[in-house]
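K.L.:
Chains A and B supply the protein sequences, listed in that same order.
Mapping of the first sequence onto the numbering used here: position 122 corresponds to residue 159, and the numbering continues sequentially without gaps.
Mapping of the second sequence onto the numbering used here: position 88 corresponds to residue 94, and the numbering continues sequentially without gaps.
These are computed hints drawn from the structure, not numbers from a lab.
No more than 30 Å apart at the CA atoms, straight line, and that leaves these computed lysine-lysine pairs for DSBU-like:
1) B:K34 to A:K166
2) B:K34 to A:K218
3) B:K15 to B:K34
4) B:K30 to A:K166
5) B:K146 to B:K30
6) A:K187 to A:K166
7) A:K166 to B:K15
8) A:K187 to B:K15
9) A:K166 to B:K146
10) A:K218 to A:K187
11) B:K34 to A:K187
12) B:K15 to B:K30
13) A:K187 to A:K72
14) A:K218 to A:K166
15) A:K187 to A:K113
16) A:K218 to B:K30
17) A:K72 to A:K113
In case you want the letters, here they are:
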Amino acid sequence: MNELTTASQTVGPFVSISFAPSLAGDLTVQGVSGKRVVLHGRVIDGDGAPVGHAAIETWQANAHGKYAHPEDFQEKPLEREFRGFGRVMADERGAYRLVTIEPGCTPGPGGVLQAPHLVVVIFMRGLLKHLTTRVYFPDDTHNAEDPVLKLVPEERRATLIARRVATDANELEWNIVVQGKDETVFFEY
Amino acid sequence: MHDVHSYRKPSPGSQPDYLYPPYKSTVKRAPVQPLVLVPQTLSEITGPVFGRNEIAPLDHDLTRQHQSAPLGERMIVNGRVLDDGGCPVANTLVEIWQSNAAGRYRHADDNHDAPLDPNFTGCGRTLTDDAGRYRFVTIKPGAYPWRNHHNAWRPPHIHFSVFGCGFLQRLVTQMYFPGDPLLALDPMYTCIADERARQRLISSFDWENTVPEFAIAYRFDIVLRGRDATPMEK
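All chains, please: the whole structure from these sequences, using the hints.
P.N.:
Set out below in structure tokens:
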């Protein structure tokens, strides 16, 4: 007989008092190799209005495609300084910004490679349980064969791929639309 | 190649839906497109690992983070983080945040006309031990009004954030107090379909861990998704 799992509850409007002191908005710490990227965008609700003060957490592999976790058994280099966890808050205009490194490919089901991506979870007032999604990188040749992207209806895949901002090669824009037109794809597992 | 050791789904009826119109903010924030069911991969069964060196000695004691003690009824909140198979979730980060005894958060957007307490921030963090146990010392939070519906009051509660062993175990929840008449009127509480799952959010009076001449204890166990019996075969 399994125990009943504890219900999720909203973070409410004041989550920043807890998360703000422990933000992790820049993963490019000394000792971590890889291509630096600045990921930014907005969180948007069903009215097209910005969602202020949403909390966004990200989880990713390093540039070699290795996770800083005991269940990653791959024989790949892992920098001692690399954690792979990001935590940022959207401001009152719904804008967030994360500085990180582009992860490498990681193993997927049946030995198929997964394209570089970040797992993203989103918390906000009005959300009774967090949303889980992924963000992929534009023009990456591995995207076409990614086993998770392939399960997403083709017309919605673009919601999971960040856009290059012309002015700066390292800058990527990715909006999180929780409802409505161009709604971001969210996953269940 | 190692197959990943996947997580079971949460118990049926234990989790709220995204859309619950009595909680008005869900109406424009619940996705309307169906969620896409995808396989669990190394990316989701892993997640951040936190170390003891990241926790300051008084992070678990919300009554000793300022010059003087905060006003209000001091209490101990303790319990275990387990998976649904009853296995302890050891060394995982537990974060809490709450209002002060008057029902006011130390947050610029909290406009409730109740006093702030200069001796109370309302945030704590700790790691579970090898048996999945955690313990906080704090003060009992107050009820406060919100504008969801006419004469709406949130029952006193403490927000809990738990990481688990992988991102698939990530959970944010709220702990309530036994015998609270506000619960039946609270959409956060009533959004959960299963009555037993609602009850799981209510802490219990914990006489065993109540400290004489110091503070009453409440017990609140948190159950995360457990592992499938064997690693997934592909």
